[in-house]
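Residue numbers (our numbering), protein chains in the order written: chain Z, 1 to 188; chain H, 1 to 188; chain V, 1 to 188; chain W, 1 to 188.
In case anyone wonders, no lab produced these hints; they're calculated from the structure. Errors might be hidden in some of the hints.
Note that the list lumps identical chains together, so a pair holds whenever it fits in one copy or between two copies.
[Stated by the list, open to error] As a list, the in silico EDC-like pairs of lysine to aspartate or glutamate whose alpha-carbon atoms are at most 16 Å apart:
1) K44 / E5
2) K22 / D47
3) K168 / D95
4) K13 / D51
5) K187 / D143
6) K22 / E103
7) K46 / D27
8) K168 / D143
9) K4 / E18
10) K70 / E132
11) K173 / E145
12) K78 / E176
13) K173 / D143
14) K173 / D141
15) K168 / E145
16) K165 / D143
17) K165 / D124
18) K165 / E145
Bear in mind the structure is a predicted one, so any value in this text is a computation, not a measurement.
Protein chains: 4
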Amino acid sequence: MNKKELIRLSATKIIAEEGFYKTKVQDIADDAEIAVGTVYIYFKNKDDILDYIFESQHTKMIEFIEKQEKQEISPLEKIKRILRYHFTEMENNPDLAKVLSQEGTGPLKNKESEMKDDSLGVPDIFQRMLEESKEIREIRDIDAEMFGYVIFFVGRETAYLLQIKGKKDRYYKAFEELLTFIVNGIKV
Amino acid sequence: MNKKELIRLSATKIIAEEGFYKTKVQDIADDAEIAVGTVYIYFKNKDDILDYIFESQHTKMIEFIEKQEKQEISPLEKIKRILRYHFTEMENNPDLAKVLSQEGTGPLKNKESEMKDDSLGVPDIFQRMLEESKEIREIRDIDAEMFGYVIFFVGRETAYLLQIKGKKDRYYKAFEELLTFIVNGIKV
Amino acid sequence: MNKKELIRLSATKIIAEEGFYKTKVQDIADDAEIAVGTVYIYFKNKDDILDYIFESQHTKMIEFIEKQEKQEISPLEKIKRILRYHFTEMENNPDLAKVLSQEGTGPLKNKESEMKDDSLGVPDIFQRMLEESKEIREIRDIDAEMFGYVIFFVGRETAYLLQIKGKKDRYYKAFEELLTFIVNGIKV
Amino acid sequence: MNKKELIRLSATKIIAEEGFYKTKVQDIADDAEIAVGTVYIYFKNKDDILDYIFESQHTKMIEFIEKQEKQEISPLEKIKRILRYHFTEMENNPDLAKVLSQEGTGPLKNKESEMKDDSLGVPDIFQRMLEESKEIREIRDIDAEMFGYVIFFVGRETAYLLQIKGKKDRYYKAFEELLTFIVNGIKV
DNA sequence: GATGAATGAGTGTTCATTCAT
DNA sequence: TATGAATGAACACTCATTCAT
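With the hints as constraints, model all of the structure from the sequences given.
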């Protein structure tokens with residue numbers, strides 16, 4: 001496998017176990033069965049590894065979102081599909097779910113690193129969708145900016161919550177309950 | 001002032017600015033205008049300071065909640081009042097809002113420290129109130145455990161979000177929107 | 001009891017348990033049931049406490065030795081009595097035995113503190129006695145300086161050794177064996 | 001040179017000068033002209049350095065002793081040769097002599113570290129040799145355990161004593177006097 | 001004299017990062 | 001690219017000592 005991806009996977013695993021600050025670069029290298037020095041060929045520094053974990057998942061999200069944009073479906077339905085996609089991803093990636101929840105703060109950990117480019121964060125995308133949804137009277141006249149974020153982190157935190165609370169079996173049922181909650185919360 | 005409280009205030013301020021791991025105990029001591037050694041008279045170690053910040057606010061919450069319990073009001077109304085109380089607290093304490101949001105993970109940062117006693121966390125209390133609310137058909141038959149947590153961290157994160165997003169002026173309006181969102185989301 | 005003596009006893013106990021460097025002045029104060037500050041009324045600093053322990057025992061030895069000097073006995077017999085006295089002292093004071101053995105290095109721990117006055121150390125006294133003994137042909141023509149020290153630390157170390165090796169019951173028998181060893185070693 | 005050995009030599013030098021507790025790991029690193037961090041690649045902690053100094057010398061002793069065991073010589077003669085070997089070693093290594101004397105307490109400083117394996121300490125070996133010596137009526141019926149230790153620390157302390165007392169020139173003469181003392185002390 | 005809260009210099013240890021091989 | 005020994009700045013924590021009460 002691509003070494004950068006190998007490092008990302010090991011880092012996700014170790015950071016999920018130990019937390020970012022307690023994770024040693026050496027531990028990541030050990031898990032990936034490579035030398036510490038090698039990590040620094042693919043990453044500028046330790047923070048860069050965490051950024052990459054967030055960016056990778058963000059990129060996957062954006063790709064999925066772009067596919068949805070081409071569909072002829074209502075903005076609210078789009079949001080629901082995006083959340084469903086996120087839940088599926090997190091179910092297949094418990095370590096990642098934990099890292100995104102524990103180490104994430106706002107869109108990206110390091111404000112400095114920001115989004116590299118001018119691409120929007122998921123909360124911003126949700127905001128735009130909510131605004132479109134408002135225009136077609138699908139939902140109430142809510143503060144789209146605030147709810148863009150609220151829906152984003154409710155999704156992120158709940159995906160992790162359901163795992164630690166051992167709801168594995170009822171994962172999808174609980175998830176649909178959450179969707180109903182959100183939709184009821186904002187619909188006209 | 002009580003030295004332990006003095007340290008708590010300085011720590012909250014510095015941790016809000018720098019983040020817990022980048023905060024040096026020396027910085028806290030400097031801000032409090034005491035010697036480093038003094039910090040260690042009142043706190044076992046650096047983690048203990050963060051725990052105390054969480055515990056202090058938790059204690060205030062619990063005290064407020066216990067006062068509500070004596071009132072003759074519906075469980076859902078109690079939850080709303082608790083959230084309102086939290087928002088007021090966070091408005092008066094932006095640094096604390098940031099620390100609770102950024103450094104908090106689940107109920108308490110350090111799982112080991114647990115709740116000292118057997119006192120319930122706020123999510124647990126919300127859960128119980130939701131169950132009572134379900135019984136009187138005030139709300140739908142939702143997963144009370146999950147929504148106990150969801151309401152808890154929506155409250156926590158949004159209180160912080162509104163501050164960084166500069167909604168100061170519309171703070172209460174935005175907050176009432178959030179309450180409506182939650183109530184609509186779970187009501188029958 | 002005299003507070004300085006109280007501190008000396010507690011210090012001896014704690015230092016025997018923990019070793020001098022691992023002993024905290026606070027621990028000594030706790031054991032003596034006084035405040036730390038009080039320790040510093042009677043002692044200049046921590047080292048001073050250890051010095052006092054050594055000096056106290058040294059003073060007792062010197063007093064005993066001076067009594068012997070007045071007796072009409074051979075120098076070799078004097079040495080034997082001094083060693084016997086030391087053994088009895090150590091048997092009654094296991095903690096002190098340990099401290100003298102573990103923390104003692106040469107006559108006094110702190111070279112700077114030296115003997116306060118110009119009083120001789122026990123090795124020096126043994127040296128003089130050995131010289132007298134040589135003159136009366138009681139013992140061989142040995143290096144009195146070296147054997148003054150050798151007999152001194154054999155006495156000190158063996159007194160402690162017999163305790164940790166659990167020879168309590170055979171303590172005096174073992175001790176007499178040691179005396180025989182020394183006398184045989186140096187006699188004509 | 002092997003870095004671990006380099007550190008051992010610098011540590012021996014500095015500890016001899018300053019004493020173990022006053023020695024800073026940084027001082028050792030400076031003397032060895034390496035970074036502090038490097039010390040911790042080769043040693044678990046500061047105590048571990050002292051243990052290694054003792055172990056290294058102990059290993060040399062054991063190697064010498066094992067060579068003696070193959071010789072057809074009396075047990076008492078073996079002990080004499082071992083002591084002679086020790087004296088030669090200490091003469092060539094005054095710093096080590098000082099460290100072994102000042103920082104040594106019983107066989108090894110840290111009881112926890114024990115002998116790594118089940119190898120015997122030198123006092124134990126002396127004890128066995130004394131027992132063999134007793135069997136062939138070479139020496140009196142002495143307490144072999146006690147005298148194993150007595151001979152061990154008389155050897156160790158005297159080797160150091162002769163150096164600080166400036167007997168360099170008469171070192172071997174004094175040493176032979178000590179051997180005579182010991183042999184006379186225990187022979188039939 | 002007695003107290004013990006406060007001090008702050010001092011130090012062991014860690015670990016992200018580098019770079020010669 | 002890959003390695004991993006070496007680096008050294010950084011930091012949590014300790015504890016002898018002081019001094020206002």
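Each hint, compared with the structure:
no.: 1; hint: K44 / E5; result: within (15 Å within a copy, 34 Å between copies)
no.: 2; hint: K22 / D47; result: both (13 Å within a copy, 13 Å between copies)
no.: 3; hint: K168 / D95; result: within (14 Å within a copy, 36 Å between copies)
no.: 4; hint: K13 / D51; result: within (15 Å within a copy, 26 Å between copies)
no.: 5; hint: K187 / D143; result: within (13 Å within a copy, 21 Å between copies)
no.: 6; hint: K22 / E103; result: both (12 Å within a copy, 14 Å between copies)
no.: 7; hint: K46 / D27; result: within (12 Å within a copy, 24 Å between copies)
no.: 8; hint: K168 / D143; result: between (33 Å within a copy, 14 Å between copies)
no.: 9; hint: K4 / E18; result: neither (21 Å within a copy, 29 Å between copies)
no.: 10; hint: K70 / E132; result: within (15 Å within a copy, 45 Å between copies)
no.: 11; hint: K173 / E145; result: between (28 Å within a copy, 14 Å between copies)
no.: 12; hint: K78 / E176; result: within (15 Å within a copy, 26 Å between copies)
no.: 13; hint: K173 / D143; result: between (28 Å within a copy, 10 Å between copies)
no.: 14; hint: K173 / D141; result: between (29 Å within a copy, 13 Å between copies)
no.: 15; hint: K168 / E145; result: between (32 Å within a copy, 14 Å between copies)
no.: 16; hint: K165 / D143; result: between (31 Å within a copy, 12 Å between copies)
no.: 17; hint: K165 / D124; result: between (29 Å within a copy, 12 Å between copies)
no.: 18; hint: K165 / E145; result: between (30 Å within a copy, 9 Å between copies)
Checked against the numbered hints given earlier, this structure breaks only hint 9.
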